[in-house]
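Keeping their order, the protein sequence lines are chains U and G.
Our numbering numbers the first residue of the first sequence as 1062 and each following residue consecutively.
Our numbering numbers the first residue of the second sequence as 15 and each following residue consecutively.
Hints are computed from structural coordinates only; laboratory data are not their basis.
Treat the hints with care, as some may be off.
[To be verified] Just the calculated beta-carbon pair ranges, DEER-fashion:
#1 Gly-1117(U) x Glu-44(G): 25 to 31 Å
#2 Tyr-1230(U) x Gln-43(G): 34 to 40 Å
#3 Tyr-1260(U) x Thr-83(G): 54 to 60 Å
#4 Ser-363(G) x Ile-1098(U): 21 to 27 Å
[Unchecked claim] Here are a few chain G residues that face chain U, going by a calculated C-beta distance under 8 Å:
#5 Asn-114
#6 Gly-243
#7 Ala-246
Glycine is no exception: its CB is placed at the ideal position from the N, C-alpha and C atoms.
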Amino acid sequence: MSSKNLAYNSLWQRLVRSHAFYAWLLIAPAALFLFTIVGWPLIETVRLSFTNAGLGGEEYIGFYNYEKLFSNRKYPGIVGRTFYWMFLSVSLKMILGLIGALLLNVKLRGRAAFRVLVMPPWIVPMAIGCIGWLWVYNGHFGILAGVLMHLGILDGPFEFLAYRNSAFYSAVITDVWVGTPMVTVFFLAAMQGVSQDLYEAAYVDGASRWYRFRRITIPQIMPVILTMALLSAIWTFNSFEIIWILTEGGPRGATTTMIIDTYKMAIANYKFGYGATRALMVVMLLAIFSLLYLVLLNKVNERFKVK
Amino acid sequence: MNIMKKTQRFTLIGAGLFLLTGLIQVQAQELKFIMCGGEVRAADQKVIDAFKASHPGVKVDMQAVPWGTCQDKSMTLAAAGDPVSLAYMGSRTLKRLGKNNLIVPVTIPEKDQEKYQPGILKTVSSMGKFWGFPHAFSTKALFINCGMIEKAGMQCVGPHTWEGMYQMAKTVKDKLGVAGVGLVAKDFDNTMHQFLNYLYSNGGQVIDPDTNKVTLNSPQTVETLEFYGKLASVAQEGPTAFERSQVKDLFNDEKVAMYIDGPWGGGQHKKTLKTIAVPIPAGPSGNNGTLLITDSIAVFKGTGHEDVAMELARALSSGNAQYELDSSWGLTPIMKYETFIDNPYYVNSSYWKVFVDSIGSGGPEPMFLEYKSVESLMNNMIQGIVMGEGGSAADLVATAAAELEEFK
């Protein structure tokens, strides 16, 4: 064997035996998988956004799609609506989830049954749940209008999905209904992990219930609250089925969020290139939001001294 | 030994070629057919069975897909380079498919062209060619619940003008406290279709099929939109949450006194209701009109057996086969059957007379390159007047007309 071959073999053996190589070897399948299902579609979306891809093929058109999107006078309204939708829906889910978790954490006979009863909105397939809500919001046959008429609040049928504001807030309510159980369950799990010693010590020192909640429960479950808020924000931002089934983005675009707008452009209108531009806007805005949020998260963690 | 080897080699090559030829032949003879609407009608199945019998080796793989996803499926498959052989779909898709070179133009001989009702072939023509065989056709009429009208103290006679229709609806609303008319304004295709029924009854038009010029911005359209807004005041609560089939449910529950529907409507109403179907009333600038809406069979390009697919499409839409479908399904006659069939189903029928007489004064579904964008624009305009947003009727029409230019 020549000295060149010996040197090569020795280098190869060193590489194979190194920790880094072993680590890369273990990571490789997952990395390849991630690249296939996340990286490649993202690269392809970026490429498509510079084309006029549609039913008849595609041609490179430079930044034309971006110019068109930024000069679209309706688009800023859609972006604003999307953030408002996300802020409102996530806030309600967090507040209701926290209240729900507190109630379910109370030592009570039959507590397990109550905990199970919280789950159906999360367990029921979303499409079926939304169709149920379609009937609830129906002004002529729905239970909501019926009850309100019975109580004398409405003097006739009212179609909740027919008007700008009522359609938007109806969609928010349905989204909160679907999303709250998961938040509740996560908060409940976090609350159960808080040491009872802390509560007992505070109780002995004369701390009130509110004080204990504010100074023990909240700081102790803060990492879970912040993580859930971020996840919920991303899911709500991209929430599609609820709005699509209830209103398809209408009336007059009142419930059109960025993801609905992207779907309408890319899939319903077969403008794959222009749709890809909109999809990238969703990715970029969510990335910026997540980055800002993580910076905030670090600051809050420092404030509450959470590692 | 050499002879043995040569024999083996030739046998293998021969067998390979035989299999390859067989495979190509089988592939060439397998027609994939997407049928929008979720079912294959018995009349169509009969033609397909006869076609298979007369073309040994030809297989027809039928896929019945509901309307909601059907057209998207056919178009996406074609765009992805895996087209079906032929598809039965809305004629409004043809212009875009033709322009993008995804379907092949069809030839309809002059003697066959003469068989069609007036205006039908305009629904499949674009760029000087026919892009599909019209296979289903509907016109619309105003259905009136006579029980409700009489209860409100009126005679059950169809109104001839928009003003008459409005007054009738208003009387029902004032006297019975329920909606006088069913109005649709949901984000849905039949919202635009419903509006076009009124537009064509007022001498209006969306696009000139001959010159491809957008003609929506006209006094006739403004009048029509204003009337649509006026009807909202005597219609059911929240028209923007309703499409046609939902309004039909209200009609069956006696929550609206009249609404516009196709000839199938008569068979979908409760038997206990006393109803009549009358022509859509005329607007101040027009005569009784209707939307002429067709669905067609299109033959896709790039399958390698377009000729066989074309033959099947032609067989399905030929005079007698088409008559079987129209009569069994209860569609407005797509051809002038009285010229070659004795006593067709619509002759001597007062019900069918309403749907057939309006054909001559009807207008086609507008042919645009991007029909979904057009539908969305038109619905936005209609919802604007119903919700009182976006300015006056004239403003809404002007905005929609300007935006339509992009999609023609």
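Against the structure, the hints:
1. Gly-1117(U) x Glu-44(G): 25 to 31 Å: holds, 26 Å
2. Tyr-1230(U) x Gln-43(G): 34 to 40 Å: Hint violated: Cβ distance 57 Å, outside 34 to 40 Å.
3. Tyr-1260(U) x Thr-83(G): 54 to 60 Å: holds, 55 Å
4. Ser-363(G) x Ile-1098(U): 21 to 27 Å: With Cβ atoms ~60 Å apart, the hint is violated.
5. Asn-114: For Asn-114(G), the interface hint holds, since the closest Cβ of chain U sits about 3 Å away, which is under 8 Å.
6. Gly-243: Hint violated; Gly-243(G) Cβ to chain U Cβ min 14 Å, cut 8 Å.
7. Ala-246: violated, 11 Å
The structure is inconsistent with the numbered hints 2, 4, 6, 7, although it conforms to all the rest.
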